[in-house]
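Student: Please build the complete structure, drawing on both the sequences and the hints.
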Amino acid sequence: MGVAALRRAAGLGRLWPLALVGAAIAVVYTEDPVWITLATLAAIWTLWATSLNLIWGYSGQFSMAQTGLGMLSAYVAAILVHSYDTSAYAAILAGLGASVAASALIGLAALRLRGFYFAIMTLAFLLVLSAVLENLALAGRTTGIVVAYRLGSLSLGPITWDLDSRHGGFLVACWTVAAGVLALIGRLTRLRFGKLLIAIRDDPLLATSFGVDISAYKIGAFAMSAIIAGLAGILLSLYFRYITPSFFGFDTLINVIVLLVIGGTGRLVGPLVGAAVYVALIDYFRIGGDYRQGVFGAILILTVIFAPQGLVGLLAGLRSGRAGALRTAALKRFAGIYNR
Amino acid sequence: MNTNLLVAALVNGLMLAAVYALVALGLTVVFGLLDIVNFAHGQMILIGAYLVVSLVAHSLNFWAALVVAVVVVALVGALLERVVFRPVESVPINGLLVSIGLIAIGQNVIRAVWGPNQQIVPPPVSVVWHVGGATVPMSRVVIVAGSVLVLGALSLFLYRTRAGKALRATAQNRDAAELVGIPVARVNNLAFAAGAGLAALAGGFLAMQFPVEPLLADSPLVMGFIVLILGGAGSPLGAVLGAMVIGLTESLCTALLSSEAAQIVPFVILALILFVRPEGIVRIGSDRWV
Amino acid sequence: MSIKDRQRSLWSALGAAAAVAISACGGGSSTTNSSGPAKTVTIGASVEATGGAAAIGTQWRDGVKLAVDRVNKDGGFTVNGQKYMLAADIQDSAADPQQAITIAQGFVQKSYPVVLGPGVSTVFTATFQSLKGSDVVVMSPAATVGQFLTTPDGKYLFHTHIADDGTTGRVYKMTKSIVAKYSPKSAAILLPQDPIGELYGAAYKQALQASGVTVAYDQRFPSAQRDFSSYLAAIKSANPDVIFLPYLDTWAVPFLTQAIQAGYTAPVFVGSPGTSSSTINGKTDQIKRFVWSVTTRAVDSTTDPQVQDFRAHYKAMFGNDPAPSAFWALSYYDEVLMLPKVFAAAGSVTDHKSITAAYEKVTQWNGKTLDLHFDSGRTAVYTPQLAFLENGIITYQDAK
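Here the protein sequences line up with chains Y, V and C, keeping their order. Whatever position you read off the first sequence (first residue = 1), add 13 for the working numbering. Whatever position you read off the second sequence (first residue = 1), add 35 for the working numbering. Whatever position you read off the third sequence (first residue = 1), add 93 for the working numbering.
Because the hints were derived from the structure by calculation, they are not lab data. Don't take each hint at face value.
Said to hold, decoys possible - One side only, chain C facing chain V, incomplete, derived with CB under 7 Å:
{"id": "1", "residue": "Ala148"}
{"id": "2", "residue": "Ala317"}
{"id": "3", "residue": "Arg319"}
{"id": "4", "residue": "Val346"}
{"id": "5", "residue": "Gln354"}
{"id": "6", "residue": "Ala355"}
{"id": "7", "residue": "Gly356"}
{"id": "8", "residue": "Thr358"}
{"id": "9", "residue": "Ala359"}
Claimed, not checked - Result set (EDC-like, lysine to aspartate or glutamate): computed pairs, CA atoms no more than 16 Å apart in a straight line:
{"id": "10", "chain 1": "C", "residue 1": "Lys298", "chain 2": "C", "residue 2": "Asp246"}
{"id": "11", "chain 1": "C", "residue 1": "Lys434", "chain 2": "C", "residue 2": "Glu453"}
{"id": "12", "chain 1": "C", "residue 1": "Lys203", "chain 2": "Y", "residue 2": "Asp177"}
{"id": "13", "chain 1": "C", "residue 1": "Lys248", "chain 2": "C", "residue 2": "Glu483"}
{"id": "14", "chain 1": "C", "residue 1": "Lys248", "chain 2": "C", "residue 2": "Asp491"}
{"id": "15", "chain 1": "C", "residue 1": "Lys376", "chain 2": "C", "residue 2": "Glu453"}
{"id": "16", "chain 1": "C", "residue 1": "Lys203", "chain 2": "Y", "residue 2": "Glu44"}
{"id": "17", "chain 1": "C", "residue 1": "Lys225", "chain 2": "Y", "residue 2": "Asp177"}
Even for Gly, the Cβ is constructed at its ideal location relative to N, Cα and C.
Tutor: Below, the structure written as structure tokens:
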């Protein structure tokens with residue numbers, strides 16, 4: 014490890030997640046309901062995309078189960094509180110546990126299959142879970158279920174932080190969770206576990222030849238991604254205070270995939286950038302009016318073709334002063350693509 | 036047991052199987068050759084159905100409209116392959132992402148051109164057969180027969196023509212196919228066109244039976260994907276067998292058990308078959324497409 | 094310039110550029126306009142104009158546009174000596190709760206006195222939860238509005254459709270009158286698996302059992318279902334005298350087409366609220382008896398004096414007669430037309446408390462289409478309309 018990297022690791026470089034929480038607090042002080050709403054949604058999108066990023070970006074397994082895993086957590090927690098009077102945090106833990114268990118089952122069954130099998134099997138999980146919940150009286154069928162529990166408040170001396178407040182408390186709670194998750198993953202990629210995950214993604218054969226148990230690592234990564242998806246699902250359900258399976262369906266999944274790709278897969282801040290761009294374009298500027306989803310689809314396609322590393326990759330390229338080289342490469346790429 | 040109910044359920048099951056087989060075959064052709072899971076297949080089905088509606092509304096004969104729709108959508112498929120899928124062919128997952136982008140664009144285009152309200156084609160076949168106490172609508176039989184014909188033609192094409200053999204060779208081993216001088220790029224283009232054409236055909240058949248509206252393709256597409264996995268993704272024979280299993284299961288469950296059962300049982304079958312044979316009904320791998 | 098100010102100016106710039114602000118007098122926001130004497134009052138409307146509910150959402154959008162245009166064609170209105178024109182900020186949520194919440198918060202931020210929608214039940218529930226504590230009058234036709242009306246947060250909430258659930262609701266009463274007319278022995282219920290399907294299903298069952306009618310078949314199908322032939326086969330073997338159909342054309346039209354195909358046209362078919370004459374368009378030769386409850390009022394009727402003013406304005410604005418399904422436009426139409434009288438009675442165009450009180454009092458307004466008023470529970474009261482198809486002729490009856 015170089016000196017610069019050491020310094021970065023010890024110094025400010027590791028504090029950037031705190032800056033996210035600081036930014037969230039700054040948004041609270043605008044007292045603007047729209048900004049608070051958008052920032053809250055952005056935190057939840059960041060978590061969704063980060064969960065996908067961990068299993069896909071870092072481990073190379075394209076999962077379509079992430080919103081399903083979040084749905085499972087949200088439902089387990091809501092049902093436990095609604096029908097069994099469980100306390101809020103016990104219910105949340107149980108919800109996260111349920112999605113970890115589900116991810117382990119899916120992982121054992123499907124991770125040994127070829128890449129696309131995993132994608133479609135995980136999609137099947139999402140569809141089956143929706144179908145089951147829509148038929149389950151305990152889960153309120155399609156009418157949905159009220160999310161009755163609250164995060165409560167946190168008191169530090171004279172300051173009391175209402176974690177459920179729509180005027181900022183919940184926003185800061187969401188960003189605290191999101192920043193914590195990002196910090197942990199940032200840390201993880203510097204540890205043996207994370208490095209091995211990336212090594213497995215890049216060259217599974219080589220990893221096997223060094224005696225790495227690929228499946229165990231992938232199942233571990235999938236379980237971690239399930240916890241993050243569960244957090245996203247639970248926070249979303251706490252925001253709506255009411256859930257139906259339709260809130261976690263295929264459309265939501267697509268949004269998660271799209272914003273991660275646009276932000277940049279396999280990069281820590283990819284989900285963050287993607288979430289910001291998504292919320293800004295779709296919810297704030299509403300670019301394209303009634304055709305905003307189509308515009309976003311076009312942006313996705315252009316990103317995949319011309320900037321497969323996403324916006325973060327693109328920006329990293331520009332920042333490192335290779336703008337000219339990048340443009341030449343893009344032109345070359347364009348010529349290569351369409352002049353065959 | 037009520038025989039009339041059983042006959043009706045069987046006829047419906049066969050029709051569902053026919054539609055699912057067409058949808059799944061379209062997915063299979065693309066998946067087998069390009070390794071692309073094409074989620075935009077549903078949009079192709081819809082565009083096919085809407086084109087049939089519009090052409091018939093402009094007083095074209097239904098069957099002529101169906102042919103035109105299939106050809107037009109096949110051309111659209113070929114164009115899409117060239118413009119958005121080929122640039123990312125080295126990374127198959129990117130093909131899936133591109134297809135996700137196409138869903139959003141397709142939905143918007145369809146809404147802009149045809150609007151959100153349902154549109155109806157006057158049925159080209161309205162005869163109803165009475166078999167004992169059961170009624171068998173001729174149009175459903177036509178759909179089944181039409182699909183069988185198309186599947187037969189497809190297999191003739193795959194096994195008896197040069198282009199078909201080139202397609203199979205490319206699916207089996209792309210590098211070897213390139214070495215022996217098969218124009219792989221053109222073969223892939225052809226495969227995409229064929230996949231889109233099959234989707235449009237399924238769409239046309241759906242338009243024959245159901246009002247056309249933006250969500251018409253949702254259920255067939257989901258079932259098409261289940262069939263694709265069940266059959267062992269990449270195998271045309273597997274797709275047909277899988278379609279039979281899923282179509283009949285769905286209609287028998289609905290008629291004899293309940294709607295809940297019809298929603299859950301296909302997935303249970305999928306899980307069971309994959310547990311016993313993770314590679315699907317027809318084993319894939321080196322011997323796919325053989 | 095504080096962050097908040099900067100943001101405000103960004104918002105107004107965006108509002109001018111992107112929001113679909115409708116104003117007949119040709120000006121957009123004229124609150125600072127000194128050249129014209131009239132000010133503009135803007136209301137918010139969150140409609141599901143794209144996405145899965147677009148067929149209904151576009152009608153809701155058109156209803157709001159039409160009503161705003163109707164108010165301004167009358168020359169606007171005067172409150173406390175100040176002349177006003179009406180405008181609507183209509184935003185599409187694509188039936189996505191996250192977009193709907195953002196839209197609703199935008200309306201709150203812009204301090205609109207009245208907000209219409211969301212109208213889709215699940216979207217409404219999620220959105221309304223996020224509006225708690227905001228001082229804004231909310232009006233929605235969603236089936237889930239009822240459960241919030243009596244809560245402390247629902248003090249300024251209005252339900253613009255008559256209640257469908259319970260033994261006093263429309264579905265229960267409608268079922269009773271159908272039973273009285275046709276005296277069936279057994280019935281089949283087929284509804285989609287969604288909140289409205291569950292609500293209607295419970296009410297049908299309750300009413301049928303109370304009338305001693307056997308429920309021989311009762312199923313919910315997934316909402317993507319379009320092939321009902323297997324359901325039909327099962328219903329046929331249960332042999333009911335009356336069949337209660339799913340509530341949208343999306344399902345009811347293929348169901349009836351396939352019933353005709355199967356030669357199964359003998360029972361009485363009942364269209365749930367949401368049905369219109371378009372459901373049986375082209376099928377009146379084969380389907381002998383079809384009864385349905387019109388959610389608001391049949392706007393395709395050329396003989397009903399109540400809807401003629403609506404029809405005339407609709408044609409003037411959109412260039413064609415309203416489609417049968419345009420009855421959805423009435424979910425918000427009268428509520429907007431009431432505004433001049435409501436603001437005048439409230440003596441304010443901003444105070445949500447007096448506007449709420451005024452809405453409960455106003456009973457007459459220009460262009461009145463439904464015989465509507467709001468009861469003290471803030472639920473719409475109007476006479477539901479039953480439509481009967483018998484021997485190819487459709488007749489509409491007010492259900493007393």
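Student: When you check the alpha-carbon spacing of C/Lys298 and C/Asp246, does it fall within 16 Å?
Tutor: violated (32 Å)
Student: Using the nearest Cβ pair, does C/Ala355 come within less than 7 Å of chain V?
Tutor: holds (5 Å)
Student: For the restraint on C/Ala359, tell me whether the closest CB of chain V is nearer than 7 Å.
Tutor: violated (13 Å)
Student: Quick one, is the C/Val346 hint okay against chain V at 7 Å, beta carbons?
Tutor: Holds, about 5 Å.
Student: When the nearest CB of chain V is found for C/Gly356, is that gap smaller than 7 Å?
Tutor: holds (5 Å)
Student: Does C/Ala148 hold up as a contact with chain V if the rule is Cβ-Cβ below 7 Å?
Tutor: holds (4 Å)
Student: Holds or violated: C/Thr358 as interface residue toward chain V, Cβ cutoff 7 Å?
Tutor: violated (11 Å)
Student: For a C-alpha distance cap of 16 Å, please report whether C/Lys248 and C/Asp491 respect it.
Tutor: violated (31 Å)
Student: For a C-alpha distance cap of 16 Å, please report whether C/Lys248 and C/Glu483 respect it.
Tutor: Violated, at roughly 44 Å.
Student: Assess, step by step, whether the Cα of C/Lys203 is no farther than 16 Å from the Cα of Y/Glu44, and give holds or violated.
Tutor: holds (13 Å)
Student: Once the shortest beta carbon distance from C/Arg319 to chain V is found, is it less than 7 Å?
Tutor: holds (5 Å)
Student: Was the hint right that C/Ala317 lines chain V, CB cutoff 7 Å?
Tutor: For C/Ala317, the interface hint holds, since the closest Cβ of chain V sits about 4 Å away, which is under 7 Å.
In summary, the numbered hints that this structure violates are 8, 9, 10, 12, 13, 14 and 15.
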